[in-house]
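Colleague: Letter by letter, the chains look like this.
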Amino acid sequence: SQKIEQNSEALNIQEGKTATLTCNYTNYSPAYLQWYRQDPGRGPVFLLLIRENEKEKRKERLKVTFDTTLKQSLFHITASQPADSATYLCARNTGGFKTIFGAGTRLFVKA
Amino acid sequence: ETGVTQTPRHLVMGMTNKKSLKCEQHLGHNAMYWYKQSAKKPLELMFVYSLEERVENNSVPSRFSPECPNSSHLFLHLHTLQPEDSALYLCASSQDVPDTQYFGPGTRLTVL
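Respectively, the protein sequence lines represent chains A and B.
Position one of the first sequence corresponds to residue 3 (the numbering used here), numbered consecutively onward.
Position one of the second sequence corresponds to residue 4 (the numbering used here), numbered consecutively onward.
Simulated from the structure, these hints should not be mistaken for lab results.
Hints may contain errors.
[Claimed, not checked] The calculated DSSO-like cross-link candidates involving lysine-lysine, where the alpha carbons are at most 27 Å apart (straight line), are:
1) A/100 x B/44
2) A/73 x A/61
3) A/65 x B/22
4) B/39 x A/100
[Claimed, not checked] Beta-carbon label-pair distances, calculated as ranges:
5) A/98 x B/76: 40 to 50 Å
6) A/22 x B/18: 42 to 52 Å
7) B/19 x A/80: 47 to 57 Å
8) B/56 x A/54: 26 to 36 Å
9) A/113 x B/115: 22 to 32 Å
[Unchecked claim] Covered, in the sense of this in silico footprint (three residues per stretch, anywhere, with C-beta under 8 Å from a C-beta of chain A), are these stretches of chain B:
10) 38 to 50
11) 53 to 64
12) 99 to 113
Please read all numbers here as calculations on a predicted model, not as lab measurements.
Don't be surprised by glycine CBs; every beta carbon is placed ideally from N, CA and C.
Looking at chain A on its own, in the form it has when it is part of the complex:
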């Protein structure tokens, strides 16, 4: 079955540094991967989508990469701020109507 794996351990970084989060998937490469942000007790918010034929995608301080050889996506936040503290979810389509989500990685940015 298809899986999405994210580092379950929280990531603690200092303000101003770059945060890098990892998403690994199994089986065949999806047509695209998505990244969402979720704050405690709230619904996820869509951030970025990267397609299979795109190596890299950027949006302001965010950058996502997609490596079909490693079956991995990396999510970077540059010049991180305390307001970036949240849980970040990776998601993939399974080929049908389903999208499966990873458990998320909790990011803490210290001032």
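We have chain A; now place chain B onto it with these hints.
Modeller: Just chain B now, with coordinates in the frame of chain A:
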């Protein structure tokens, strides 16, 4: 959050109660979803509706009953729930299925 709204935001119910969760999307989307999110677990897809037709039913117990009267509204009817059903229930919508999803704020459900 004004794109997808959910009511109530918090719900406490006994195991014998019947209640309903409501979701409304104001984005003109064609697909709507129900997810369950338990602590430290990935989102679990429960149901998917596309153009008001149920297209995915992810082995959900019959004590959860979805209803989609039109493309803007989605309900989740609850009856004789168990304490392990306590979780955050999230509604989402998207233009197509599958597609980028826009989530509501969720309903925090506690079953006593």
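Colleague: Tell me the hint numbers this structure goes against, listed in increasing order.
Modeller: As far as the earlier hints go, 3, 5, 9 are violated by this structure, in ascending order.
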